[in-house]
Amino acid sequence: MTQLNDLVQRAEALAEKTGQSLSTISRKLLNDGKGLSRIKEGGQATLKTLTAAIAKLTDLEAEATIGARDLTHLDRLEAEAIHIMREVAAMSENPVMLYSVGKDSSVMLHLAEKAFYPSRPPFPLMHVDTTWKFKEMIEFRDRRAKEVGMDLIVHSNPDGIRDGVGPFTHGSAVHTDIMKTQGLKQALDMHKFDAAFGGARRDEEKSRAKERIFSFRTEQHRWDAKNQRPELWNIYNTRVHKGESMRVFPLSNWTELDIWQYIYKEKIQIPDLYLSAVRPVVEKDGVLIMVDDDRMPIGADDVVEEKMVRFRTLGCYPLTGAVESEATTLPQVIQEMLLATTSERQGRVIDSDAGASMEQKKEEGYF
Amino acid sequence: MSHHDDLIAKDILGYLDAQENKSFLRFITCGSVDDGKSTLIGRLLYDSKLIYEDQLASIEKDSVKSGTQGDKIDLALLVDGLAAEREQGITIDVAYRFFSTDKRKFIVADTPGHEQYTRNMATGASTADVAILLIDSRYGVQVQTRRHAYIASLLGIKHVVVAVNKMDIMDFDQRVFADIETDFRDFAKDLGFEEIMCIPMSALDGDNVTTKSDRAKWYKGPALLEFLEDVDVDSGTLDNPFRLPVQWVNRPDLDFRGFSGTIASGVVKQGDEIIVLPSGKRSTVKDIVTFDGSLKSAREDQAVTITLDTEIDISRGDIICAAEFPAEQSDQFQAHMLWMDEAELFPGRQYLLKTTNKTVPASVTNLKHKVNVNDLSEEAGKTLELNEVGVVTLSLGAPIAFDAYNDNRMTGSFILIDRHTNATVGVGMLDYSLRRASNVVWQDLNITKAERAEMKNQKPAVLWFTGLSGSGKSTIANLVEKRLFDLGRHTYILDGDNVRHGLNKDLGFTDADRVENIRRVSETAKLMADAGLVTLVSFISPFRAERQIARSMMDEGEFIEVYVDTPLEVAEKRDVKGLYAKARAGEIKNFTGIDSEYQAPLNSELTINTVEMSAEEAAEQIVAYLRENGYLGGV
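Read top to bottom, the protein sequences are chains A and B. Take our numbering: the final residue in the first sequence is number 384, and no numbers are missing along the way. Take our numbering: the final residue in the second sequence is number 686, and no numbers are missing along the way.
Any given hint could be a false lead.
Where chain B lies over chain A, by a calculated footprint (3+ residues, C-beta under 8 Å) [said to hold, decoys possible]:
hint, stretch
1, 89 to 95
2, 99 to 113
3, 159 to 171
4, 244 to 253
5, 273 to 284
6, 342 to 351
Everything labelled a hint here was simulated from the structure, so no lab data went into it. These figures come from a predicted structure and were not determined experimentally. Glycine included, C-beta positions come from ideal geometry on N, C-alpha and C.
Same shape as in the complex, but just chain A (with noise of 0.2 Å):
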């Protein structure tokens, strides 16, 4: 019988391609885990069975060619940042995507445009803008939202504007409270949002291993401890009083690795201040700090330099710190990134005031 040796060796071929024992595929075609070692050692089969156990072969040989069988790392994080997105778009009264321009920023609106895909995302996006921003990111994110087609919306906290709040004149931690967390709470008040995508991950910050995918804020945009709610599955708890709102972090299991990875298979489109270039920099207490308009002060002792440089966070110009860097290319960044042996967030002034942890800001409403 030749069809029967075919039988055991398109089987035999599907075992190495798909990884399975030789069992368990003979399970699959005749209802029978040692089927097939016994046709091997020259047992029979009826016609009937035969023909059936052909055909779920080809079905499967079929599904393994096709590649249904398997999903990678990136695959399962794609889906599960779809989910939750889809999730807030059913669920949510009054959704917004929080666009910080950034990386992360950049796979979240990618996401967002597979998760409704051939639909526009049915949420606008917002910027709070500093007003320090690099202005490379400004013309990035007018750029991105105009291609995708989204609403943009952009709010500048108008009380700091009056005041003439900065980095320079108010210090990191004033300026940042002043025109982020409180231009942000401002945001979301005057919109009434009630579900606020944002682009943190689990891995970025120690305290943020135990935070939620759907995280909690009270009518005063407070992270209360207490009132986090368990997440089992993929069943997300999304109701809220009025007033009250939820931040929701698609990137919550992301890596930064997985980030960059996923940007370059993806080709995800990413403000080029992440790629080395000369650029203008002045070292200010150890950290090079990029000229990017004349609102910087030049000390006398200041120095402004031509240094290769890059940025492998992106936020206001002054409290963000540059890296020398030869990568001019993508994968060189993912490349040096992955040789470097600190964390990604060293760059950022913000971390390193005293008194001002992530946590802390977090309870006051800062992402």
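Starting from the known structure of chain A, fit chain B onto it as the hints suggest.
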């Protein structure tokens, strides 16, 4: 922070390509700090080189200062240090940690502390496929080991690693290990695990954690990390029936109507037949739409949007299932529940029950018993308090489609939400429906009556011949059928006499039996009309009321009453079957026309006067009626 330094430095593109194809595993570690759990997690992070230099430097410093391991690095400090620093009083305390090897990315759910253990562990276990239960080899299987194993089993984890730790203290004595393994397997035999892997280990020294130990040569199994890299938690469930809980209806414009959701189980292909619950509507998958183009097929855990061949009404909360294996539906369940809130469960109170895509009002109608998670014994109780597990009956405000949790974690799980505080107060796993009847999914056959009839080039009709015995009903019906048959139409005759030999042979001729006789025949005629047939019913059916019942059972225009009008004298004179004679002789009781009334139709579609025309002419007249009224399609 990497594990493949050479490739990163030499060939970053090669590295990135290799990393793209990593698989994914979520697992949970169960045990206390005393069992060496923190050391184990620290070891996994350390050996996969995911610790930054600055972090490592501080551990090394702390190890000298406060470590318990002499000159060795105390890896527990990495994890414990974070934990102490992170005591935030968060209600549910699960820390998620990440590491990866060349083969897999791992997410570890770490549930520290003894307090609140049950709900913390349940939360971590709900998304995990593997549980690592740590046992201190000095003490063997303890109460907490049983508790961990039970919770893992309750949450549906099928793969368990029993990490028999601190074997260095026991000099890697094979008998110690074998005793613990036997104990555990004996205890766990009823917990439904598919795989139990016992590994002798020293997390402190790294024996059998990432690499095989030289100190336990008698152990032939894999090291922990090898096992975690290779364990197949995936392929088994792909054979489960397709389920897509609809999360969001995708309608960018009037031309596109897609159904978005994450596939809860199985595989779907273009062209697959599906059934939608709870409506029971059927259709075929037209396309699997993604941002990156159409997919020929998609599998469990993928977030997709599917479109269907026909436009049927589907909304969030519905579940699209493989047509041949629909999920069950019910509004009454038995379930296992775990209480998560400080405020106790109030049986009878209305909560909101949320499944993966649907929210309905629900109450716990009965607490059958509580389960003591330490020894699995059943205890009576009136309520569930924080961290307590029980078996309950649930009553829902509306039916939901579901699978038993044991068959499908995604379509068998739910959370309970307090309607006032909006807190998630309980979580549960559906065991089974308490309503037998609702196990039946209404078979909304996707081939409709109209389609069946159209295939036969006809419209379904029930020609109801009524008239006295011997009036010529059967003769005419037979001729009509023959004529239709010649025209290539599909017909069937239900004849009073024939039906009484089989379907209705238990019925006599009392008025009650006559009514039942007609009812059965009407139902049968209805099924035949549904099959698209032109059905000819040849029945005396003397009462207007019963004929009206039959008429009302058929669709509009389907019922054609043919009154075969033959005067009693003529019929009695013909007396083909000799029945009138017997009736006159009193041998047959309740004979229509003799001692039982015949009510002639008042508004029949057709009246055949058999005195004025032959049976053939009558048949021709009936066929002409059918043709003129569109029952025969294009002739």
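Hints and how they fare:
no. : hint       : verdict
1   : 89 to 95   : holds (count 7)
2   : 99 to 113  : holds (count 6)
3   : 159 to 171 : violated (count 0)
4   : 244 to 253 : holds (count 9)
5   : 273 to 284 : holds (count 5)
6   : 342 to 351 : holds (count 3)
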